[in-house]
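Let's have the full structure, built from the sequences with the hints guiding it.
Next come the chains, spelled out residue by residue.
There are 2 protein chains.
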Amino acid sequence: MKILMISALLASSMMGASLIDEAKKAGLKPIPSSVKAVEKLTSNPKNPTTAAKVELGKKLYFDPRLSKSGLISCNSCHNLAIGGSDGMSAAIGHKWTANPHHLSSPTVYNAVFYSQQFWDGRSAHLEDQAQGPIQAAPEMAASKEFVEGVVNSIPAYVKAFQKAYGKDVKIDLTKVADTIAVFERTLVTPSRYDDFLNGKQNALTKAEQKGLKTFIDKGCTTCHNDIALGGTMNPFNVTAQYKHMNVGDFKGDANGMVRVPTLRNVTETAPYFHNGQIATLSEAIKEMGRIQLGINLNDKETEEIETFLKALEGKKPTIIYPMLPASTAKTPKVDVVNP
Amino acid sequence: MKILMISALLASSMMGASLIDEAKKAGLKPIPSSVKAVEKLTSNPKNPTTAAKVELGKKLYFDPRLSKSGLISCNSCHNLAIGGSDGMSAAIGHKWTANPHHLSSPTVYNAVFYSQQFWDGRSAHLEDQAQGPIQAAPEMAASKEFVEGVVNSIPAYVKAFQKAYGKDVKIDLTKVADTIAVFERTLVTPSRYDDFLNGKQNALTKAEQKGLKTFIDKGCTTCHNDIALGGTMNPFNVTAQYKHMNVGDFKGDANGMVRVPTLRNVTETAPYFHNGQIATLSEAIKEMGRIQLGINLNDKETEEIETFLKALEGKKPTIIYPMLPASTAKTPKVDVVNP
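Just so you know, the protein sequences line up as chains D and X, in that order.
Reminder that position 321 of the first sequence reads as 321 in our numbering, one-by-one numbering, no gaps.
Reminder that position 240 of the second sequence reads as 240 in our numbering, one-by-one numbering, no gaps.
Quick caveat, the hints were computed from the structure, so don't treat them as lab data.
Among the clues, some could well be false.
Pairs count within a copy or across copies, as identical chains cannot be separated in the list.
As the list claims (entries may be wrong) - Listed next, the in silico DSS-like pairs over lysine-lysine satisfying Cα-Cα at most 25 Å (straight line):
| # | residue 1 | residue 2 |
| --- | --- | --- |
| 1 | K24 | K200 |
| 2 | K330 | K286 |
| 3 | K206 | K25 |
| 4 | K59 | K316 |
| 5 | K59 | K310 |
Here you go:
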């Protein structure tokens, strides 16, 4: 009996070991297990991560006063409490405006691992990305001058910028976005899947390992690869093939390429696809098989893959809700009824 | 020199001691210094505070899925990061609707010490209050059935309610509001002012003590008294006397009485008055002198009172931002564009 159990364990371990190799060959990469290595991987050499920047960036991320109305913060659409998104099929912004292309808010968790930001990949990194929604008319709708006016009118913010960047810091929109990006770089969620790829062969159950194998064998890793299981530009045939899902006119970048969303914490980021038209994960898996891979995944295969995807639920960083410094008489006023 | 310093210190202490008596005679009361005493004071015997309820209540407080749109949480208007309010002159809710009476969102911090809730005092306690905004059409706009549908569709919520109230708990809107109220009961912010009233005579500077004395002598404590420095019903003559401030048609309760707002953390809750028409604290102090007390406070007196009010800035409880359980296929769907 003991021998049987040991040999079963060995067989499972051996399966684990070869599956790790297979996963790596398919382009999958773990979040490193050491905190130092994660910090090194996520820090931007041109805008290095420091504790002072992270703390200030967190405040700015949660501050609705960076929007023209004073009501919308980064966290409104990329809500860290509900998977880093908003659960909406389309982002809703300034004066309750839906995204004009009916695009949904991508999760901010693990976005640091993307090689492009935004659904059309028009932004190379988080520092650049963070400037977008603050200024976009259907999102936070603030002008550069307004944001700079707000931040510079609040002495505690000025002091925090000086602490983070030195006495002579010029606090402009670029600096604000850079600082928000540093905070966002800390929003990574290591999971049991990472433990597995990092060599801990029993970190995933047999069913999850089976699911990972199916995920690889069926070709999902063609697009969903690297650390984020997503994050690069790929052709996305949904709008062409499925008219009924064609809510909004989004067609990707100039070459019809779309930034592949991460599958980490995908259980928390329904509804799915760029336009949020798919409600459940199993539906999303089947649709992707049909549209992107040209195969029909049966119920068993779909379930296997779903079991694997659930194992991508990661451990969120602990976030102490920031207490923001008060506005002053110099803080630009907002007209909330007609902002 | 030494003797002079000591006698100055003694004089200041004696002033402190008699001022404490004076403050208490004027109806001012501190937040107790012992954590146990605060817990006893803020717990509702019919709905006692427990760690399980506080944790669940915090989750519900931050959960936008309790609103019809899925976008608005209690924290949207009573934002714990910016003084427990929203910095707006009128609350903005469902589909960007302004409060029809142009009423602003009162702070949730220390609201547990109010004897009435809402500007017109129509609610006797937080448990009752919390049911209002969830259902109000211009606020979260959710029906009872919708809220109950959402919470019961999420197994982790059901489990948390069972942990808090026992296996047989019926999870309805009342229970949801009761639980949110328990969390809100923990949102108290003791300050140096409380240390002072609790007997630590050097907890307030001389200037702050002078301000407190002016605050009492001028009669501000007629309305701004008890622990909250506010929270009871009083006549409020603003709408009658100041037409230019009469934004909205709010006239108080049936007897023209208005719930006096707390002065704790008042530096963080501009703009002031029920309709947010007063931008600065010094203006608010002068207006209140004129309208409510029939006196003209000069610049010196106004500054003294303002110096005291600044000492009411309290220590906020540390809030770890909650990670909310994911929606399921059974969670009621929302149409975000036309909710």
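#### Entry: Identical-chain pair category, K59 with K310, by Cα at 25 Å
So K59 and K310 pass the 25 Å test across copies only (22 Å; inside, 31 Å).
### Message
For K206 and K25, with the copy left unspecified, which applies at a CA distance of at most 25 Å: within, between, both, or neither?
### Response
Answer is within; shortest intra-copy Cα gap is 20 Å, inter-copy 72 Å.
### Task
Check K330 against K286 for me: Cα-Cα at most 25 Å, and say if that holds within a copy, between copies, both or neither.
Classified as between: cross-chain Cα gap 20 Å, same-chain 55 Å, threshold 25 Å.
### Message
When Cα atoms must be at most 25 Å apart, do K59 and K316 count as within-copy, between-copy, both, or neither?
### Response
both (18 Å within a copy, 15 Å between copies)
### Message
Cα distance capped at 25 Å. Does K24 pair with K200 within a copy, between copies, both, or neither?
### Response
Within one copy only: 14 Å inside, 65 Å across.
When held up to the earlier numbered hints, the structure conflicts with none and fits them all.
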